[in-house]
Amino acid sequence: MDKRDGKWTVRIDGTSLPSRDLIGGKAWSIAHMSAHALPVPPAFVLTTEACRAYRDLGELPGGLADEVAEGIAWLQAETGRLFGPQTAPKKGLFGRKKPESGPLLVSVRSGAPISMPGMMDTVLNLGMNTQTEDLLAAESGDAAFARDTHRRFYELYAGIVLKAIGLTLDPADTPDKWQAAIAAATGARVPDDPGDQLEAAIKAVFDSWNSRRAKRYRAHHHISDDLGTAVVIQAMVFGNLDAQSGTGVLFSRNPLTGAREPYGEYLPRAQGEDVVSGKFTPQPLDTLNQSLPAVYRALLDAATTLETENKDVQDIEFTVQKGTLYLLQSRAAKRAPEAAVEIAVDMVDEGMIDEATALQRVTSDQVRVLLRPRLKAGATEGAEVLAKGEGACQGIGVGTVVTDTDEAEARAERGEDVILARPTTSPEDVHGMIAAKAIVTEKGGSTSHAAVVSRALGLPCIVGCGEGRILALQGRDVTVDGGEGAVYAGALPVTVPRESDDPTLTKLIAWAQARSPIRIDRPGQSEPADIIDLDRTPGGEDPAQLPALLAGKTSAKGGALASDEGVRAAIGAGVKAIYIDPVLPALLAALHMDHPDPDKDTLATDAQG
Amino acid sequence: MTDLFLVLHGLAIKKHGTAEEVASLMGLAVETVKAALDEAVAGGRVAEAQGKYMLTPVGRIGLESQYAQVFSSLRADATFRGHYDRFETINRDLKQLITDWQTMPVGGKLVPNDHSDKAYDDKIIDRLGTFHDSAELVLKGLAGGLARLAIYLSKLTAALEKAEDGDIAWVSDAKTESYHTVWFELHEDLLRIMGTERDE
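Protein chains in written order, with my numbering: chain A, -13 to 595; chain B, 12 to 211.
It should be emphasised that the hints constitute simulated quantities derived from the structure, not laboratory data. Backbone N, C-alpha and C define an ideal beta-carbon position, used for all residues, glycine too. Heads up, a few of these hints could be off.
[What the hints assert, rightly or not] Each computed DSSO-like pair below joins lysine-lysine, with the alpha-carbon atoms no more than 27 Å apart:
1) K63(B) - K129(B)
2) K297(A) - K129(B)
3) K189(A) - K134(B)
4) K120(B) - K151(B)
5) K201(A) - K173(B)
6) K186(B) - K166(B)
7) K297(A) - K166(B)
8) K120(B) - K374(A)
[Stated by the list, open to error] If you only want the chain A side, here are some residues facing chain B, beta carbon under 10 Å, derived:
9) Q165
10) V235
11) E247
12) Y249
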């Protein structure tokens, strides 16, 4: 069958790879995975040509509605499920699989050839109405799940298509009450007919192409307004339908340590949102191996395929629906600094990437985190814990506890190390926070002002130690461990890791020195006589003055060169050599000057959520 | 509402602020602010150091004693309170969003976002833009009751657009008028107007 037998739609069935300009980045990724025989939920796309036609006509072009209906019929045939109780396919027309009674719900998402802000967010579970809810409840044997799916669909539809602001629906209410709340907030209701829901969502995607933010972004980046966005309509899959269903996450390597072994979690009989909600305790991947060994093997094979294709660690979200594996999303995994360094060096050793690529995958800030001061091994043994709370920002801070913001600033200006402890913080306290070595609060959690500001400042921070706790701390010398969330009595011994003691960092240093546009060494290593020492030069601590101070100099040293800006200023001024310890952050800053954003365009899909 | 009151109120929000910063926040001329600040310094209500001003304890108590009276009509205005309640509702979303900006989940653990993953950052800036569309409506509602609040909308829009253009410090940097800084100043302003307490 010709994939463009429709004028406006394309089916993603793994048999062809249409152009990115026509079907958008997201559908292209799904098609790419499909072409590698990786299992993704079936999808079809309204092309960017349909978007342009909609824009020119001011309405959906003729024939599009029929093609969408045909696309839905194809999804029904592929999944053996029905979209809305009233749209059963004619017998024998699409019948590869015998339709079951389960309802077909779809996701609707935008997908421009180039990703940009301002495009419509994804509507999930479209197709839901009272009858669908009943069918889903019967199929899953879980009426509460079906009702909750209904609610989440209404919330997304109301927020995204009807543009409701900050609307949340009470899970204890009925769909009628939700509709009333939506009508009160927006003046409109969620249509009951799945076809009407779909049409409105499609128009919302096309309209988002001309949103204020999208237009501004295109103007700023010189992207043509004629490109248009595609609409991806994909079957939803469920991980909670029976004992052969479940959902999970697989990393092709451990993203915390970098160890070369699969790492992940599996929740039998659960949906993706259950992983986030904390309602269920995730189980190790081996659970999946025990219950569905064939699915487990297919999953590991898919991870290998994706890692080999993308040449990077993959973070894969998957769902098993009635014993069938579906990959929902795969992308380059986010990783802890330790893992970033290990994985980059390992992949060179394995011949997967070259040294230059490895250096692109490690940032100067990641190395700075690895080299940050930490408590000496065993330092906390026998130490008195004065307060415990939620660690909001990692790091060690040692100093005297001060409970008044102005006093903290004044004493810090006199050269004292102070720890600012407050019941809570507000914008009034920011000047004292900047001056402190660490922040401790009595009230609040990980999103509180203190947590947010200290992360922005890179300051160790503990929040929520309990009301009335800081009074006892006032005036005491303490050690704050922002990672553990503990305040210890006294100044505990702190150690600074050395990059030359670490064999992995040593390899990266050698690779980086061979490629650096500027010589970067530790101080004392054959420094030339005419070197400028910024620590002894007036204005040498001010990044804005560096270009002028460094002009005409051949070599430089001093604390200002420890930052990325300092390194860039030295290179910009034509300096030939800088002397700084540690060297690796500076080397990486020098190397990344020309390539600030490694290209992360990968074989990936974002099929759901 | 006298100029002096507005200047002291502006200083309560922009502590350690310059005359220019207070003027821009309160929508007053710089000369007006400077004159009011000189008067307040002479009266012991404000202290000055290197061109930056802060309320003295006396100034702070004096200011706070006036709020109930100055803002009595706004506090009684059901429409304004409705917009304020919506602000508090979406404030929770903004706090979550900023937390997601600063941390990222790695293998089930939250670690500091080191901004090495541009796709992750772009997604959150996009969310911030969507959030801003809601914030815009709430702020227009608030400015309908108190016109000077519109300045926050233009500051928020400016910070968002800089972040969208790739200067990511404008999301949550604590030392500049980043989106988060301006949002918190707005929150502080509203808490004082409405006479409510921050919950954390």
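Given pair status - K129(B), K63(B), alpha carbons within 27 Å: violated, 37 Å
Agreement of hint V235(A) with chain B interface, Cβ distance less than 10 Å: With Cβ-Cβ at 8 Å, under 10 Å, it holds.
Pair hint outcome, K201(A) versus K173(B) [Cα-Cα no greater than 27 Å]: Holds, because 15 Å separates the two Cα atoms, which is no more than 27 Å.
Restraint check for K297(A) with K166(B), where alpha carbons must lie at most 27 Å apart: violated, 42 Å
Per-residue hint verdict: E247(A), partner chain B, C-beta under 10 Å: violated, 12 Å
Restraint status (C-alpha distance of K189(A) to K134(B) at most 27 Å): The hint holds at about 22 Å.
Straight-line alpha-carbon gap K297(A) to K129(B), limit 27 Å: Within the cut-off at roughly 18 Å; holds.
Agreement of K120(B) and K374(A) with the hint, judged by alpha carbon distance not exceeding 27 Å: It holds: about 20 Å lies between the C-alpha atoms, which stays within 27 Å.
Given hint Y249(A) near chain B, where the shortest CB pair must fall under 10 Å: holds, 6 Å
Pairwise hint evaluation, K151(B) against K120(B), where the allowed Cα distance is 27 Å at most: With Cα atoms ~39 Å apart, K120(B) and K151(B) exceed 27 Å; violated.
Agreement of K186(B) and K166(B) with the hint, judged by alpha carbon distance not exceeding 27 Å: holds, 15 Å
Interface restraint verdict for Q165(A) against chain B (beta-carbon cut-off 10 Å): With a closest approach of 20 Å, the Q165(A) hint is violated.
Hints 1, 4, 7, 9 and 11 from the list above are not met by this structure, while the remaining hints are.
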